[in-house]
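Asker: Residue numbers (our numbering), protein chains in the order written: chain A, 1 to 114; chain B, 1 to 114.
Rather than coming from a laboratory, the hints here were simulated on the basis of the structure.
This one's a predicted model, so the numbers in the text were calculated from it and none came from an experiment.
Glycine included, each C-beta is placed from N, C-alpha and C at the ideal position.
Careful, some of the hints might be misleading.
Claimed, not checked - Selected chain B positions facing chain A (Cβ under 8 Å, derived; list incomplete):
#1 38
#2 42
#3 43
#4 45
#5 50
#6 51
#7 52
#8 56
#9 58
#10 103
#11 104
#12 105
#13 107
#14 108
#15 114
To be verified - Each computed BS3-like pair below joins lysine-lysine, with the alpha-carbon atoms no more than 25 Å apart:
#16 B:57 with A:56
#17 B:13 with A:40
#18 A:3 with B:13
#19 A:57 with B:102
#20 A:3 with A:68
#21 A:57 with A:37
#22 A:57 with A:40
#23 A:67 with A:56
#24 B:57 with A:68
#25 B:102 with A:67
#26 B:102 with B:57
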Amino acid sequence: EDKVVQSPLSLVVHEGDTVTLNCSYEVTNFRSLLWYKQEKKAPTFLFMLTSSGIEKKSGRLSSILDKKELFSILNITATQTGDSAVYLCAVEAAGGTSYGKLTFGQGTILTVHP
Amino acid sequence: KAGVTQTPRYLIKTRGQQVTLSCSPISGHRSVSWYQQTPGQGLQFLFEYFSETQRNKGNFPGRFSGRQFSNSRSEMNVSTLELGDSALYLCASSRGSMMGEKLFFGSGTQLSVL
Numbered sequence: 001e002d003k004v005v006q007s008p009l010s011l012v013v014h015e016g017d018t019v020t021l022n023c024s025y026e027v028t029n030f031r032s033l034l035w036y037k038q039e040k041k042a043p044t045f046l047f048m049l050t051s052s053g054i055e056k057k058s059g060r061l062s063s064i065l066d067k068k069e070l071f072s073i074l075n076i077t078a079t080q081t082g083d084s085a086v087y088l089c090a091v092e093a094a095g096g097t098s099y100g101k102l103t104f105g106q107g108t109i110l111t112v113h114p
Numbered sequence: 001k002a003g004v005t006q007t008p009r010y011l012i013k014t015r016g017q018q019v020t021l022s023c024s025p026i027s028g029h030r031s032v033s034w035y036q037q038t039p040g041q042g043l044q045f046l047f048e049y050f051s052e053t054q055r056n057k058g059n060f061p062g063r064f065s066g067r068q069f070s071n072s073r074s075e076m077n078v079s080t081l082e083l084g085d086s087a088l089y090l091c092a093s094s095r096g097s098m099m100g101e102k103l104f105f106g107s108g109t110q111l112s113v114l
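Can you build the whole structure from these sequences, using the hints too?
Answerer: Have a look at this one:
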């Protein structure tokens, strides 16, 4: 059974701090790893990673995948109160039984204080 | 471009009743996936539909069912509700024509079973 474990489960920082969120996974026939941000209700897409060692970057957020060690990290620099949210890591397996199916971790609750 | 729309936003039911939730995907998206989110289990995959056919199914009892219409709108039904069915039900859409497409989520339906 596919498994995703995120750490830490919660994190409290102050504006301007840099945070690193971790995601380790076990999946049969890996296809991709995705990061989502969930504020209130709807998870919003951040990154999709399929190749090892390639960094994806969007503004203050960046993510990298290590397919050998089976983990990914999400970095947020110069945090702002608007970054407060639950960050979800998910993996997708390859194969016909994986349509629409992502396996999610428990999420990391990030709280950024002014 | 309108996002994924779910109705209703909130629902309160009693044990034994049944409920139908609705999801309208992003225009042009033909795949709709459903997820259940609870504090204890996180986000769990229910099923996925593409062109009115169920292509994938998670590990939920038969009380959970769904369907998709020719306009790609989808409904999810839960019969004989149990207290443990209280959760946020999220749907997500994608073009669905190939694997590895990112999912776009709606804001969910918050179901409370009393």
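Asker: Could you tell me which of the hints above the structure violates, numbers in ascending order?
Answerer: 1, 6, 7, 15, 16, 18, 24
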